[in-house]
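Residue numbers (the working numbering): 78 to 451.
Hints are supplied without guarantee of correctness; some may be wrong.
Stated by the list, open to error - Here are the in silico distance ranges between beta carbons for each label pair: (1) 269 <-> 436: 19 to 29 Å; (2) 402 <-> 312: 23 to 33 Å; (3) 94 <-> 429: 15 to 25 Å.
To be clear, the hints were calculated from the coordinates, so they are not data collected in a lab. Even for Gly, the Cβ is constructed at its ideal location relative to N, Cα and C.
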Amino acid sequence: MTRFGIEEEFALLDEETLVPVPLGSAAIDALTGGTGTFPPGSTRPEKCTGAVKKEFLTSQVEFATSPVQTVAEAEKQLRSCRSALTDFARSNGAVAVGTGTPFGVGPTGTVNASDRYGEIAHWLGRISDTHHVNGLHVHVEVPDAEARVRALNAVRPWLPVLLALSANSPFADGCDTGHDSWRSIIMRRLPLFGAPPQFVDADHYHATVDRLIRAHIIPDAASVAWAARVSARYPTLELRVFDAQLSADDTLLLATLCRALVVTALADTAPPDSHVHDTDAVQTSLWSAARWGMDATLAHPATGEPLSARQAIESLRGTVAPALELSDDRAFVDEHLARILREGNGAERQRAAYRDSGVAGLRALVSAPQPAAA
78 MTRFGIEEEF ALLDEETLVP VPLGSAAIDA LTGGTGTFPP GSTRPEKCTG
128 AVKKEFLTSQ VEFATSPVQT VAEAEKQLRS CRSALTDFAR SNGAVAVGTG
178 TPFGVGPTGT VNASDRYGEI AHWLGRISDT HHVNGLHVHV EVPDAEARVR
228 ALNAVRPWLP VLLALSANSP FADGCDTGHD SWRSIIMRRL PLFGAPPQFV
278 DADHYHATVD RLIRAHIIPD AASVAWAARV SARYPTLELR VFDAQLSADD
328 TLLLATLCRA LVVTALADTA PPDSHVHDTD AVQTSLWSAA RWGMDATLAH
378 PATGEPLSAR QAIESLRGTV APALELSDDR AFVDEHLARI LREGNGAERQ
428 RAAYRDSGVA GLRALVSAPQ PAAA
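Based on the provided sequences and hints, a complete structural model is requested.
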């Protein structure tokens, strides 16, 4: 069975104001068995499984699963980390939030001290000051280099559908941005965010990245920020279009769909129609998905004709159904797609909570307990 891995980024926010707070290093220390920092009388959280790492800002934490073959394996690791991180945050007057952008108006972002992050901050200039964004990345293992690029070409037209389904950043600076994925709009300031071009083969992909490095557009291959890319570190296709997610179930649904899309792509040897799926068509659909979420009008991934995001989600379900049957994930995907179609994506759920009870309602939603896996 094709293996996959998940990387989730979380924001640590003050529990009253939902403003970013620099607790990332303390959280990592606590969750990896270090000394940590806890108020008197608080309980140290259990050490979580998986890799807990620094992210770009001191208010962030990244969690990465090990490579897994089943949803159950991924769920165990995700819930373990989310539960421990929730406990740590509560002990420190904070909430740990899976959201693409924080709600509160925060200070200038403080970049974590490291040679790499320092180089990126220098590269981005003032962009770094307000780069409060949190994403979800899904790696799908594809051992063959040519197959990785073939899969990248095939998933490109589906990226707007995946964004519409997963958009989860409606708020920033204490107000509604009007966008379902404000993170996606912020990320457009980066040199390479959005739809990757279509590539002829692996040599074409790597020659393109090398040219961008030589042209001083990006510092290295790991800085490619397309919504999907060939991983610079692992034999994987990496889908990066997603906002960070409110719940482990949301994350697991997206990871399962990613694997099924890649498996489906590799089973189809016919090249995608480059005229239907030119980069501009995918890019404009990504903007529409970021703006309107599941109410967006997108380009049909097969024909290029306009269709609603909800129709596109149903098309996605049908396209990957055989792959989901093979991995025994069909029932899981059907259950959680039905939930999101009924309750809304993360942005819709955040807006509903804020509409009902203001910041208190939003706080209750984003700080809901994350139960550990059974």
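Hints and how they fare:
no., hint, result
1, 269 <-> 436: 19 to 29 Å, "violated (35 Å)"
2, 402 <-> 312: 23 to 33 Å, "holds (25 Å)"
3, 94 <-> 429: 15 to 25 Å, "holds (21 Å)"
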